[in-house]
Amino acid sequence: MTDTLHAEELGTVAEAAVEGGAVEAGPRRTQRVLIIVPAWNEAESIGSVIAEIEGALPFVDVLVVDDGSTDGTAAVAQQAGAVAVRLPYNLGVGGAMRLGYRYARDHGYDVAIQVDADGQHDPAYVPKLIDALSASSLVIGARFAGEGDYRVRGPRRWAMTMLSWVLSRLARTKLTDTTSGFRACNRELIALFADWYPVEYLGDTVETLVRALRLGYRVSQIPVAMRQRQMGTPSQSPLKAMLYLGRAFLTLFLALVRR
Amino acid sequence: MNLTILTGATALLFLGFIFELVRRRRLREKYAVLWIFVGVIVLGLGLFPTALNHVAIAFGVANGVSLVLFFGVMFLLLVCLHLSWEASRLEDETRVLAEEIALLRLRMDEQSERTEERSAS
Numbered sequence: 090m091t092d093t094l095h096a097e098e099l100g101t102v103a104e105a106a107v108e109g110g111a112v113e114a115g116p117r118r119t120q121r122v123l124i125i126v127p128a129w130n131e132a133e134s135i136g137s138v139i140a141e142i143e144g145a146l147p148f149v150d151v152l153v154v155d156d157g158s159t160d161g162t163a164a165v166a167q168q169a170g171a172v173a174v175r176l177p178y179n180l181g182v183g184g185a186m187r188l189g190y191r192y193a194r195d196h197g198y199d200v201a202i203q204v205d206a207d208g209q210h211d212p213a214y215v216p217k218l219i220d221a222l223s224a225s226s227l228v229i230g231a232r233f234a235g236e237g238d239y240r241v242r243g244p245r246r247w248a249m250t251m252l253s254w255v256l257s258r259l260a261r262t263k264l265t266d267t268t269s270g271f272r273a274c275n276r277e278l279i280a281l282f283a284d285w286y287p288v289e290y291l292g293d294t295v296e297t298l299v300r301a302l303r304l305g306y307r308v309s310q311i312p313v314a315m316r317q318r319q320m321g322t323p324s325q326s327p328l329k330a331m332l333y334l335g336r337a338f339l340t341l342f343l344a345l346v347r348r
Numbered sequence: 003m004n005l006t007i008l009t010g011a012t013a014l015l016f017l018g019f020i021f022e023l024v025r026r027r028r029l030r031e032k033y034a035v036l037w038i039f040v041g042v043i044v045l046g047l048g049l050f051p052t053a054l055n056h057v058a059i060a061f062g063v064a065n066g067v068s069l070v071l072f073f074g075v076m077f078l079l080l081v082c083l084h085l086s087w088e089a090s091r092l093e094d095e096t097r098v099l100a101e102e103i104a105l106l107r108l109r110m111d112e113q114s115e116r117t118e119e120r121s122a123s
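Chains U and V are the protein sequences, given in the same order. When the count follows our numbering, it moves up by one through the first sequence with no breaks and lands on 348 for the last residue. When the count follows our numbering, it moves up by one through the second sequence with no breaks and lands on 123 for the last residue.
Accuracy of the hints is not assured; some may be wrong.
[Stated by the list, open to error] Pairwise CB distance ranges (calculated):
hint	chain 1	residue 1	chain 2	residue 2	range
1	U	159	V	81	49 to 59 angstroms
2	V	85	U	329	20 to 30 angstroms
3	U	251	V	85	47 to 57 angstroms
4	U	326	V	67	32 to 42 angstroms
5	U	223	V	90	50 to 60 angstroms
6	U	326	V	109	51 to 61 angstroms
7	V	83	U	326	30 to 40 angstroms
8	U	348	V	52	28 to 38 angstroms
9	U	197	V	72	53 to 63 angstroms
10	V	74	U	326	35 to 45 angstroms
[Stated by the list, open to error] Partial chain U-side listing against chain V, Cβ under 7 angstroms, derived:
hint	residue
11	174
12	175
13	176
14	177
15	181
16	188
[Unchecked claim] From chain U, some residues computed to sit far from chain V (all C-beta separations above 12 angstroms):
hint	residue
17	143
18	191
19	223
The set of hints was computed from the structure by calculation and includes no laboratory data. These numbers come from a predicted model, not from an experiment. Note that beta-carbon positions come from the ideal geometry of N, C-alpha and C, so glycine has one too.
Make the full structure from the sequences, and use the hints.
Set out below in structure tokens:
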């Protein structure tokens, strides 16, 4: 709560300065920025993630959406200085994100940025994401775009290539990492996502992009390097990779034909 | 004759079961109407298995029982589909409730924090 008040004061001060003809302190100062961190049983990493965000970005507020954790994630997040909302049971990333966007809309934030709780997203890129929002409504922090050395192989890679190809066509700009959970959006899309955000796997990334593009919003990306997850590793089983490819096709197809 | 007794008795038991569920308010009316309708048809066909033979032959089906089997499977498929639809709707509704609860909890935490601060100062 104190953080919110702090940011509100900051915002007002900055706006007053601009109105008074003083030198503008950069676009970031006048915008109220919320970092949304969906977290499910991430008590071990959430503390350092929040500390890092607040260290690198003193002008943002951090909202942790505890997605039905049983390990006290919300308490750790509050200790670290974030606002934490606790869902009564696990909804999945999409469910947590809709709640996050709802909070952002209700509290009048101008920019909402999704950052994962496992520490793979580097908050140092956030100012770049915010800057890119001046030309688009949604900005993806993307791997495979020159920065970083993240690699995938097999069906998972085919799925990502297929998604990138189709979505790049739709967006009329190159999108290399459509399943990235590191993304920023502006006020209009916060309002859209507060009411509508799919819970299905891949829906929270791919389908939201398709919807935003079909509604005429601009989507772009900036290259980021992702770090190794602090906890756990992504599964590499070939069966799961095939399943992923199938779901990617299905999600994309449904996103394209849905009303 | 024995078969008629078996199917007729089964249909009667089925109808009785549905009636009991409705009586104990375990079934919403919209479902009760559906299942009572089904029970009545099953009872009729149980008592008179040959009743649909003419209709079946008109459709080019060998006999009434086969026709009933076909419609029965189609009906069950539709019921399953309807239940999936209902489950999806219910999940959407519970999702909204979960969000509301999360926001209310946050508001309560903030309020009690503020009260504590006030009583402390």
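Results for each hint:
no.	hint	result
1	159(U) with 81(V): 49 to 59 angstroms	36 angstroms, violated
2	85(V) with 329(U): 20 to 30 angstroms	29 angstroms, holds
3	251(U) with 85(V): 47 to 57 angstroms	33 angstroms, violated
4	326(U) with 67(V): 32 to 42 angstroms	48 angstroms, violated
5	223(U) with 90(V): 50 to 60 angstroms	39 angstroms, violated
6	326(U) with 109(V): 51 to 61 angstroms	43 angstroms, violated
7	83(V) with 326(U): 30 to 40 angstroms	32 angstroms, holds
8	348(U) with 52(V): 28 to 38 angstroms	48 angstroms, violated
9	197(U) with 72(V): 53 to 63 angstroms	59 angstroms, holds
10	74(V) with 326(U): 35 to 45 angstroms	41 angstroms, holds
11	174	4 angstroms, holds
12	175	6 angstroms, holds
13	176	5 angstroms, holds
14	177	5 angstroms, holds
15	181	10 angstroms, violated
16	188	5 angstroms, holds
17	143	19 angstroms, holds
18	191	6 angstroms, violated
19	223	31 angstroms, holds
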